[in-house]
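Visitor: Sequence:
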Amino acid sequence: MSKFSKRSRSVKKYNSGKTKGKIAEDIACQYLESKGYKIIKRNFRTRYGEIDIIVLSPSNVLCFVEVKSAEKNLSLPEESINQRKISKILKNAEIFISQNKEFSQLEMRFDVITIKDGKISHIENAFSESDL
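All residue numbers for the sequence shown refer to the numbering used here, where the first residue is 1 and numbers rise by one.
Among the clues, some could well be false.
Derived DSS-like pairs (lysine-lysine); straight-line CA-CA distance at most 25 Å [said to hold, decoys possible]: (1) K22 / K119; (2) K85 / K20; (3) K116 / K20; (4) K41 / K119; (5) K35 / K20; (6) K85 / K22; (7) K101 / K38; (8) K91 / K41; (9) K35 / K116; (10) K119 / K35; (11) K101 / K119; (12) K35 / K22; (13) K88 / K41; (14) K85 / K41; (15) K22 / K38; (16) K20 / K88; (17) K116 / K38; (18) K101 / K91; (19) K41 / K20; (20) K41 / K101; (21) K22 / K88; (22) K119 / K85; (23) K38 / K119; (24) K20 / K119; (25) K91 / K38; (26) K116 / K85; (27) K41 / K22; (28) K22 / K91; (29) K88 / K116; (30) K22 / K116; (31) K116 / K41; (32) K38 / K20; (33) K101 / K20.
Computed Cβ-Cβ distance ranges for the label pairs, DEER-style [stated by the list, open to error]: (34) G118 / E94: 11 to 21 Å; (35) Q105 / S80: 25 to 35 Å; (36) I120 / K41: 14 to 24 Å.
Just so you know, the hints here were simulated from the structure itself, not pulled from any lab data.
On a predicted model such as this, the values are computed, not experimentally measured, just so you know.
Positions of the beta carbon are idealized from the N, C-alpha and C atoms, including for glycine.
Assemble the whole structure, with the sequences as input and the hints as a guide.
Guide: Below, the structure is given as structure tokens:
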């Protein structure tokens, strides 16, 4: 077996994870739109990481949404959101607001959407700065 065989398998596994993540985010966007949310931005990236989805709720609240998915028999998707991840999301939200001043006066919240076994769960106010 050549050294390239191992590499191509790891790239395939990586791409598979990226594809699953994109599918989960697509499902989450469809769910949010069906509930009256307006998609503002997907995959907002900074040097600190990424916010999966930024939406405006029907009640005009700016929501930063982390999407997590898991396959059967794995731990709960939301368990993978630790303090480090929360810190990165909060920093990214701060950067988003500084770059998009039109949203600076809105109330904000941080939500998590989990997708497991084909079921969607939307956890509003899943975390805040006080969770750090």
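Visitor: If a hint holds in the structure, say so; if it doesn't, say that too.
Guide: Hints, one by one, checked against the model:
Between K22 and K119 the CA atoms are separated by roughly 16 Å; this keeps the pair inside 25 Å, and the hint holds. Between the alpha carbons of K85 and K20 the distance comes to roughly 19 Å, so the proposed pair stays at or under 25 Å and holds. A hinted pair counts as satisfied when its Cα atoms are at most 25 Å apart, and K116 with K20 qualifies at roughly 12 Å. Taking the CA atoms of K41 and K119, the gap is about 24 Å. The hint holds against a cut of 25 Å.
The suggested pairing of K35 with K20 holds, with an alpha-carbon distance near 23 Å, which does not exceed 25 Å. Among the hinted pairs, K85 with K22 is consistent with the structure: their alpha-carbon atoms are about 19 Å apart, no more than 25 Å. Simply put, K101 and K38 have alpha-carbon atoms about 18 Å apart, close enough for the 25 Å limit, and the pair holds. This hinted pair checks out: K91 and K41 have alpha carbons roughly 16 Å apart, not beyond 25 Å.
Note on K35 and K116: the hinted pairing holds, with a Cα-Cα distance of about 19 Å set against a maximum of 25 Å. Restraint check for K119 and K35: satisfied, since their Cα atoms lie roughly 16 Å apart, inside the 25 Å limit. Under the criterion of a C-alpha separation no larger than 25 Å, the hint pairing K101 with K119 is inconsistent with the structure, at around 35 Å. Of the pairs offered as hints, the one joining K35 and K22 holds, with about 20 Å between alpha carbons and a cut-off of 25 Å not exceeded.
A C-alpha spacing of about 17 Å is found between K88 and K41, which places the hinted pair at or below 25 Å, so the restraint holds. As the CA atoms of K85 and K41 are separated by approximately 19 Å, the hinted pair is consistent with the 25 Å bound. Simply put, K22 and K38 have alpha-carbon atoms about 18 Å apart, close enough for the 25 Å limit, and the pair holds. Between K20 and K88 the alpha-carbon distance is near 22 Å, which keeps this suggested pair within the 25 Å criterion.
Between the alpha carbons of K116 and K38 the distance comes to roughly 24 Å, so the proposed pair stays at or under 25 Å and holds. Our distance criterion of 25 Å between C-alpha atoms is met by K101 and K91, whose separation comes to about 16 Å. Simply put, K41 and K20 have alpha-carbon atoms about 19 Å apart, close enough for the 25 Å limit, and the pair holds. A distance of roughly 14 Å separates the Cα atoms of K41 and K101; the hinted pair therefore holds under the 25 Å criterion.
With a C-alpha separation of about 20 Å, the suggested pair K22 and K88 falls inside the 25 Å cut-off, and the hint holds. At most 25 Å may separate the alpha-carbon atoms for a hinted pair to count; K119 and K85 meet this at roughly 23 Å. The suggested pairing of K38 with K119 holds, with an alpha-carbon distance near 22 Å, which does not exceed 25 Å. Under the criterion of a C-alpha separation no larger than 25 Å, the hint pairing K20 with K119 is consistent with the structure, at around 15 Å.
Simply put, K91 and K38 have alpha-carbon atoms about 22 Å apart, close enough for the 25 Å limit, and the pair holds. Restraint check for K116 and K85: satisfied, since their Cα atoms lie roughly 20 Å apart, inside the 25 Å limit. Proposed proximity of K41 and K22 is supported: the alpha carbons are some 14 Å apart, at most 25 Å. The hinted pair formed by K22 and K91 meets the criterion: a straight-line CA distance of about 22 Å does not exceed 25 Å.
A distance of roughly 24 Å separates the Cα atoms of K88 and K116; the hinted pair therefore holds under the 25 Å criterion. Proximity of K22 to K116 is assessed by CA-CA distance (about 15 Å); at most 25 Å being required, the pair is judged to hold. The straight-line distance between the Cα atoms of K116 and K41 is roughly 24 Å, inside the 25 Å bound, and the hint therefore holds. Of the supplied pair hints, the one linking K38 and K20 holds, its CA atoms being roughly 23 Å apart against a limit of 25 Å.
At roughly 33 Å between alpha-carbon atoms, K101 and K20 are farther apart than 25 Å, so this suggested pair is violated. Hint check: G118 to E94, Cβ distance near 34 Å, so the stated range 11 to 21 Å is violated. As the Cβ distance of Q105 to S80 is approximately 32 Å, the hint placing it in 25 to 35 Å holds. The hinted range of 14 to 24 Å is satisfied by I120 and K41, whose Cβ atoms lie roughly 20 Å apart.
The earlier numbered hints that this structure contradicts are 11, 33, 34.
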